[in-house]
Amino acid sequence: MVYRPCGKNMQSSACLLHSVFNCLSLTAGPLGLAREILEKDAEPFFVLNSDVICSYPFKKMLELHHSHGKEGTIVVTKVEEPSKYGVVVYNPTSGQIDRFVEKPKIFVSNKINAGIYIFSPTVLKRIQVKFMSLEKEVFPFMAQDGQLFAFDLEGFWMDIGQPKDFLRGMALYLSHVRQTSPERLAEGDSFVGNVLVDPSAKIGQGCRIGPSVVIGPNVIIEDGVCLSSSTVLRGARICSHAWVQSSIIGWQSVVGKWVRMESVSVLGEDVIIQDELYVNGARILPHKNITVSSPDPQIIM
Amino acid sequence: MDLLKRQSSVFQLNGKLKAVILIGGPHVGTRFRPLSLELPQPLFPIAGSPWLQHHIEAIVKHPDVREILLIGFYNQSQQMSRFVDDMQRKYGIPIRYLQEYAPLGTAGGIYHFRDQILRGNPRAFFVFNSDVCCDFPVWEMAQFHSNVTGGNGYVILGTEANEQQALSYGCIVEEPSTHKVLHYVEKPETFVSNIINAGGYIFSPDIFQHLTRAFTANYENELIHDAARDSIDLHSSVLTPLAGNGDGGKLYVYKMNSGFWTQVKNAGHAIYANRLYLSLFKERHPEYLATNTPGGHEIYGAVRIHPSAQIDSSAVLGPNVYVGAGVVIGAGARVREAIVLDRAVIQEHSCVLHSIVGWDCVLGAWSRIEGYPSDLNPNDPVAKITSESLFNLDGRLNPSITILGKDSKRVLNWACGFTLPGLRTLFAALDPA
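Read top to bottom, the protein sequences are chains A and B. Numbered by the working numbering, the letters in the first sequence go through residues 1 to 301 in order. Numbered by the working numbering, the letters in the second sequence go through residues 1 to 433 in order.
The set of hints was computed from the structure by calculation and includes no laboratory data. C-beta atoms are modelled at their ideal positions from N, C-alpha and C, and glycine is treated no differently. Please note that the accuracy of each hint is not assured.
[Claimed, not checked] Taking beta-carbon pairs under 8 Å as the criterion, some of the chain A residues facing chain B (in silico):
| hint | residue |
| --- | --- |
| 1 | Gly206 |
| 2 | Gly224 |
| 3 | Cys226 |
| 4 | Ser240 |
| 5 | His241 |
| 6 | Trp243 |
| 7 | Trp258 |
| 8 | Arg260 |
| 9 | Glu276 |
| 10 | Tyr278 |
[Claimed, not checked] If you want the ones that stay clear, here's a sample from chain A, every Cβ over 10 Å from chain B, calculated:
| hint | residue |
| --- | --- |
| 11 | Ser50 |
| 12 | Gln144 |
| 13 | Leu153 |
| 14 | Arg184 |
| 15 | Gly235 |
| 16 | Ile272 |
[To be verified] Restraint-style ranges between C-beta atoms, simulated for each label pair:
| hint | chain 1 | residue 1 | chain 2 | residue 2 | range |
| --- | --- | --- | --- | --- | --- |
| 17 | B | His306 | A | Asp270 | 38 to 46 Å |
| 18 | A | Asn218 | B | Gly301 | 31 to 39 Å |
| 19 | A | Ser175 | B | Gly296 | 42 to 50 Å |
| 20 | A | Met301 | B | His306 | 45 to 53 Å |
Extracted from the complex, chain A is given alone in its bound form (with noise of 0.2 Å):
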């Protein structure tokens, strides 16, 4: 296993690290293999699961995790429907956690694992370098012991692992951006609600973008083009006069004039949709030529 230093982020300190398994180690495993790192102190470090998103109070969390001064805090969040997730059970006065229940059959809790902690060093003891998972292996021993404590989330959080529930995110985040730093979003007569464009990215005439859409960099809008809820990847291209709701663009993806796409379509790397077609919630992989409307919801391979 092989670290690699891949840059410094800008607008801190912080160095970022690359690390890559030669192997499947699921959740505990990858921290069993980065233990020389994080054991170089006693300061307390995070795990963050990559597909979740929410405002990450990270100094209010580290406020919580000192003052418990226990091994591990794991962030909870309310959400609608727990019986999808792993339910948390705690104490609401001290916070301490008692055990988890996963995806319970009847209700237990509307409070459940965000898939965000902090970890004092010494948890790695409980680790080793397997196939092992932190939800079911090491979490209810840590609770056991009364290790384990819970912060409870403020604000937006979402699990973004379904292309539906990215949009959503995406608008949940554009909506915390609009609260807290607004300057970063676009303004203008082409633009309607949350906007986030790259600097880089080219707007044509006559557009009508938003509201809750991402641009990324050297992205091409067209004259005409009618965008909402929507995230475009880097490099893609929206032809003139296309109607695009609820999709994800995928990079260097070009979408033709007239197009019509809607209902969570998702285009992979590089696809390419014909002039005047129609693509409703269809799943494109990358590379694509699409010459024909798909009206139906299917996965184009």
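Fit chain B to the given chain A structure using the hints.
Same frame as chain A, but now just chain B:
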């Protein structure tokens, strides 16, 4: 020949021809609704001209035709009279609309107005069905009538179909050397012939003997209800009995050599007919078709635009589009394989494909109106357009051309493959599935 000369010569028709077009009535052709709710079906604009005008134009190619009679059950109306006047003036030939007093079937009208048809002693008369789309070969039919039948027979215009599709039409069995009709049967269940009745005829005046006989037989048949007695069906009462009368038989078939032929039973077929007539204009009336002008809207293929339509220079039209009077097409709109009727508004960035947009409709910005083309099998040169039922066996709509009836307002989203009766407002996508 100018109108006066032709008119005055009606009474000296000896040796000349007449033409009758059977135009039906509101009780038939219900599958053409909602478009036929506003306008009699035979007047519906195809390729920018009223449908009947295409027939009239085909008929006047023969200079011996001295009068055209339209027979049908539509009420006399301003639309009809204005149409008839326009046609008379344009083609310089007397044209009259004879309204039946009751629906008289495919031959009853001819029988009822026999005096009008025979007035002036024409040597023969054409009969055409209005619900087909065809450039009738009137010269060839008249030649055939003179040469092959000796000017004395009855000729059906035939065209070729594939074996499967022939079952939906009137089938004609031809004796190849004499071209006599050995057998005629309407919509058989099993294969009879791949020559079908193309909806055109030329008859010698003595056809009326047979019509009279059919009429009398009807009257004497007590099983037929009073109201239906006057109604005579051409196929069963005339063609079938006349077929195969040995050497005395006078029923012949003239097979069309080339040129397009299609029936138009529903509005979806009108898009197909639109394409056919527009392609005919390329040779006959190139002045009707729009061309690309620098700085103007882009044109692909055959497109006909009424002079009063306003089209943004960034719009893209064609192929096979007709744009009606007073239509407004906004910036960046795309219209292909479509008929856009008078005063419709297509706002910016919209996309209209394989559809008919009715009079006064308004399509909002970025809307998409899309139909499924009823195209023919390109590998079969004689394939015909089929007339599917509206619903399939699962109870779902069969995908077809999309039609927006008159006054559909504010279509904001996507409408695909179905018919929307007029005066509706569409806010959300509509999908037949």
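Quiz item: Taking each numbered hint in turn, which are not upheld by the structure, reported in ascending numerical order?
Solution: Result: no hint breaks.
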